[in-house]
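Quick mapping for you: the protein sequence lines, in order, are chains G and D. Its first residue numbered 1, the first sequence is counted upward by one per residue in our numbering. Its first residue numbered 1001, the second sequence is counted upward by one per residue in our numbering.
Simulated from the structure, these hints should not be mistaken for lab results. Hints may contain errors.
Calculated pairs, EDC-like style, for lysine to aspartate or glutamate (alpha carbon to alpha carbon, straight line, at most 20 Å) [said to hold, decoys possible]:
1) 45/G with 1052/D
2) 1057/D with 3/G
3) 45/G with 1026/D
4) 1057/D with 92/G
5) 102/G with 1101/D
Spelled out from the first residue to the last, the chains are:
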Amino acid sequence: RKEVEQDPGPFNVPEGATVAFNCTYSNSASQSFFWYRQDCRKEPKLLMSVYSSGNEDGRFTAQLNRASQYISLLIRDSKLSDSATYLCVVKDSGNTPLVFGKGTRLSVIA
Amino acid sequence: NAGVTQTPKFQVLKTGQSMTLQCAQDMNHNSMYWYRQDPGMGLRLIYYSASEGTTDKGEVPNGYNVSRLNKREFSLRLESAAPSQTSVYFCASRQTGINTEAFFGQGTRLTVV
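For reference, chain G alone in the conformation it holds in the complex (with noise of 0.2 Å):
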């Protein structure tokens, strides 16, 4: 079993809409979460970082459950440069790696 799952989509939404990634993780000592952004042909960049309390970021919200073990990531009012694969990224902690998930396909529609 990998250890962060993700929908690979692609999700197809047209533009103003809402629409919600969830990720799920193995390793309930993972200390560290994230959702990276990657265009196509370029490399991740980090979007936010996800904290136990939830968080946002503009139209963008985090949140995080412990006791399940997944992570969501909520896209409102959503733009046509937003269309990207959205990728779910857990850390152990230490100095151990990060860890990614397979990424979840946006195409924000006109």
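Please build the complex by placing chain D on the supplied structure of chain G, with the hints as guidance.
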């Protein structure tokens, strides 16, 4: 604002040839990583270096070697390239800490024919 620099950006190799992918970061980060990305497979960790002088295997290390030359540089070597190593390779670096961000290079598109 160089960040993480990878070279080369593109490379075509014949089966059996060797090459080294170079990566350098100017952010004084302790940790550096090499990932490969294939369609439908996501980012898979090849090797990582938690600090200068240490390296560890990741999920898919076979066919690769690495060198953490100093704090700035972390190279990936393919001794005898195989078509299965055709992929996009990303180097990343990250400072030690719980919620610190990983920064990626622009990637190397490698084709082995």
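Next item on the list: Take a quick look at whether residue 45/G and residue 1052/D sit within 20 Å of each other, Cα to Cα.
Entry: Violated, because 24 Å separates the two Cα atoms, which is more than 20 Å.
Next item on the list: Would you mind confirming whether the straight-line C-alpha gap from residue 102/G to residue 1101/D stays at or under 20 Å?
Entry: Holds: residue 102/G and residue 1101/D sit about 19 Å apart, inside 20 Å.
Notebook entry, point to check: Are the Cα atoms of residue 1057/D and residue 92/G separated by 20 Å or less?
Noted result: This hinted pair holds, its Cα atoms lying about 16 Å apart.
Check: Is the hinted pair residue 1057/D and residue 3/G satisfied, with a Cα-Cα distance of at most 20 Å?
Finding: Within the cut-off at roughly 17 Å; holds.
Note to self: Please verify whether residue 45/G and residue 1026/D have alpha carbons no more than 20 Å apart.
What the structure shows: 17 Å, holds
Violated hint: 1 only; the structure is consistent with all others.
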